[in-house]
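Let the sequences and hints guide you as you build the complete structure.
Quick mapping for you: the protein sequence lines, in order, are chains A and B.
The numbering of the first sequence is the working numbering, which starts it at 138 and goes up by one.
The numbering of the second sequence is the working numbering, which starts it at 194 and goes up by one.
A couple of the hints might just be wrong.
[Claimed, not checked] Quick list of in silico lysine to any residue cross-link-like pairs, SDA-like style, CA-CA up to 25 Å:
#1 B:334 to A:158
#2 B:282 to A:158
#3 B:344 to A:254
#4 A:217 to B:253
#5 A:233 to B:334
#6 B:247 to A:158
[Claimed, not checked] Label-pair ranges, simulated between beta-carbon atoms:
#7 A:244 to B:261: 39 to 49 Å
#8 B:275 to A:250: 23 to 33 Å
#9 B:343 to A:263: 18 to 28 Å
#10 B:344 to A:250: 22 to 32 Å
#11 B:322 to A:151: 21 to 31 Å
#12 B:323 to A:144: 49 to 59 Å
#13 A:159 to B:333: 15 to 25 Å
#14 A:142 to B:389: 48 to 58 Å
Hints listed in this document are in silico derivations from the structure and should not be mistaken for laboratory results.
The C-beta atom is built at its ideal place from N, Cα and C for all residues, glycine as well.
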Amino acid sequence: MKNALDTVLNWIAENFRKDASKMLIWTGVAGWTLSSLAQVGAVLFNNNISNEKKSFLVPQEMADAAVNIGSFFLITQAAKKMTAKLFSTGKFAPQKVRTYLEKNKDLYANKIGKLNFDLDEVLKTHKDFPKDEYYACKNFGTTIATVGAGIVSSNIVTPILRNNMASKMQKNYISKKQNETPQVTRPTGMRV
Amino acid sequence: MNIQPIQNNDLAMGKGPNKPNPRSIKNRIKQYIVDAAPTNTFNDGENTLKNWIKFDEKMSRPAENRGVMGGTAILLQPAIDASNKRVDKETRQVSICRTIAKIIAGTGVGMLVRGSAYKMVENMTNPEAKDKCARKLLPSKYIEELSKNPKLMKNYRSALSTGIAIAAMCITNFALDAPLTVFLTNKFTAAAKLKEGQDEKRA
Chain A
138 MKNALDTVLN
148 WIAENFRKDA
158 SKMLIWTGVA
168 GWTLSSLAQV
178 GAVLFNNNIS
188 NEKKSFLVPQ
198 EMADAAVNIG
208 SFFLITQAAK
218 KMTAKLFSTG
228 KFAPQKVRTY
238 LEKNKDLYAN
248 KIGKLNFDLD
258 EVLKTHKDFP
268 KDEYYACKNF
278 GTTIATVGAG
288 IVSSNIVTPI
298 LRNNMASKMQ
308 KNYISKKQNE
318 TPQVTRPTGM
328 RV
Chain B
194 MNIQPIQNND
204 LAMGKGPNKP
214 NPRSIKNRIK
224 QYIVDAAPTN
234 TFNDGENTLK
244 NWIKFDEKMS
254 RPAENRGVMG
264 GTAILLQPAI
274 DASNKRVDKE
284 TRQVSICRTI
294 AKIIAGTGVG
304 MLVRGSAYKM
314 VENMTNPEAK
324 DKCARKLLPS
334 KYIEELSKNP
344 KLMKNYRSAL
354 STGIAIAAMC
364 ITNFALDAPL
374 TVFLTNKFTA
384 AAKLKEGQDE
394 KRA
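If you want it as C-alpha cells, here you go:
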C-alpha cells in the first residue's frame, strides 16, 4: 500500500512539478463531466418537475458541460496563452525588465513583439535579468487573464449557448409529443 | 551481424531541432494579436510586487478560485436564464431556481472539498517537519528537489490536491451536490410560486 502511494506521488511529481496546468485542465474536464452526470440524474429523478420542463433542463445540463469544456479551451486557455506570449515577447513588461531591454537595445530592440523571442529563455542565460519582477508581473497578468476569461466563458458564453440549445430541444420534444397525440376527428354533424 | 536501429529523426539526420512555423495560420493569428496589443510597461514598486505575488497565490488556490467563479456565476447566470424568452414562463422560472440552487450547492461543496484537499496536502508535504505524518504525501524521489524550489513544490501541491479533490468529487457530486441542488430547487420553486400567487392576489 505504502509503495503504491509512493509510486503515485512520484508519478505526479515527475509529470507536474514543472507545470501543473495539464493536470488542472484534465481534472477540470473530468469535474464538469461528473457534475453534469450527477445533475442530469437529479433532474430526471425529481418528481416535482414535469416531463415538459425536464425536456429543457436535461439538455440544458448536458449542453452546459459540453459548452463549458469547449469554451474553456477556446476562450480561457487561449486568453492565458496569449497573455503569457505578450509577456514573454516583451510587449508587456514591468519597469525593471523594460529598463533592461532598453539598456541592451542593440541585442533586443528588433526582437520585442516577435513570436520567436522568448524572455523565459533570455533569463536562463543572462544572470543580470530582473527575473523576480518578470515572473511576478507575468504570473499576475496571466492569472487575471485566466480568471477574467473563465468568468466570460463559464458565466456568459456557456449559459447563453446552453439555453439556445436546450430551448431548441424542448421545442422539438413538444412538437414531437403533439404529433404523437392522436387527432380527434369530429363526427360529421347531422343536418336538421 | 551488427544491427543498428534505423534513425529517422531530424537530429540524427543532421537537421536542427524543429522551429515553430511563423507562416502557419495559428502563428499568424498570434503575431497579429501581439502586433495589435500596445506596448505596456507596469510600475513594479516594492508594494506593487508584493500585491501581485499575494494576488497570484490567493487566486491559484482551488477554493478561492472556485469561490470567485461561484460569486460571479450567481450575479450573471440567473439573469441570462431570465432573459431566455424561447421557453414558457414556468420553464424559465424553474430554470432560474435550478441555476441558483446549482450554483449555491456547487460552490459550497466545491470550496469545501477543494479547500480541504489543499489544506491536507499543504500539511502533509512539509519536508522540514519532524513528524512522519507531515511528510506522508512527499514523493520519495523528489523530496530534495521540491524542498529547494518553492515553485516546484507549489506546482506539485496544486496537482496533488486537484487530483485528490476530483477523486472526492466522484462521491460528493452524487451524494451531496445533486441532492442539495434538488432540495434547493424545490424550495426556491415553491417560494417563487407562492410569491407569484401573492402578487396576483394583490393585483
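Cross-check of the supplied hints:
{"no.": "1", "hint": "B:334 to A:158", "in the structure": "22 Å, holds"}
{"no.": "2", "hint": "B:282 to A:158", "in the structure": "42 Å, violated"}
{"no.": "3", "hint": "B:344 to A:254", "in the structure": "24 Å, holds"}
{"no.": "4", "hint": "A:217 to B:253", "in the structure": "14 Å, holds"}
{"no.": "5", "hint": "A:233 to B:334", "in the structure": "37 Å, violated"}
{"no.": "6", "hint": "B:247 to A:158", "in the structure": "20 Å, holds"}
{"no.": "7", "hint": "A:244 to B:261: 39 to 49 Å", "in the structure": "40 Å, holds"}
{"no.": "8", "hint": "B:275 to A:250: 23 to 33 Å", "in the structure": "44 Å, violated"}
{"no.": "9", "hint": "B:343 to A:263: 18 to 28 Å", "in the structure": "22 Å, holds"}
{"no.": "10", "hint": "B:344 to A:250: 22 to 32 Å", "in the structure": "27 Å, holds"}
{"no.": "11", "hint": "B:322 to A:151: 21 to 31 Å", "in the structure": "23 Å, holds"}
{"no.": "12", "hint": "B:323 to A:144: 49 to 59 Å", "in the structure": "25 Å, violated"}
{"no.": "13", "hint": "A:159 to B:333: 15 to 25 Å", "in the structure": "23 Å, holds"}
{"no.": "14", "hint": "A:142 to B:389: 48 to 58 Å", "in the structure": "55 Å, holds"}
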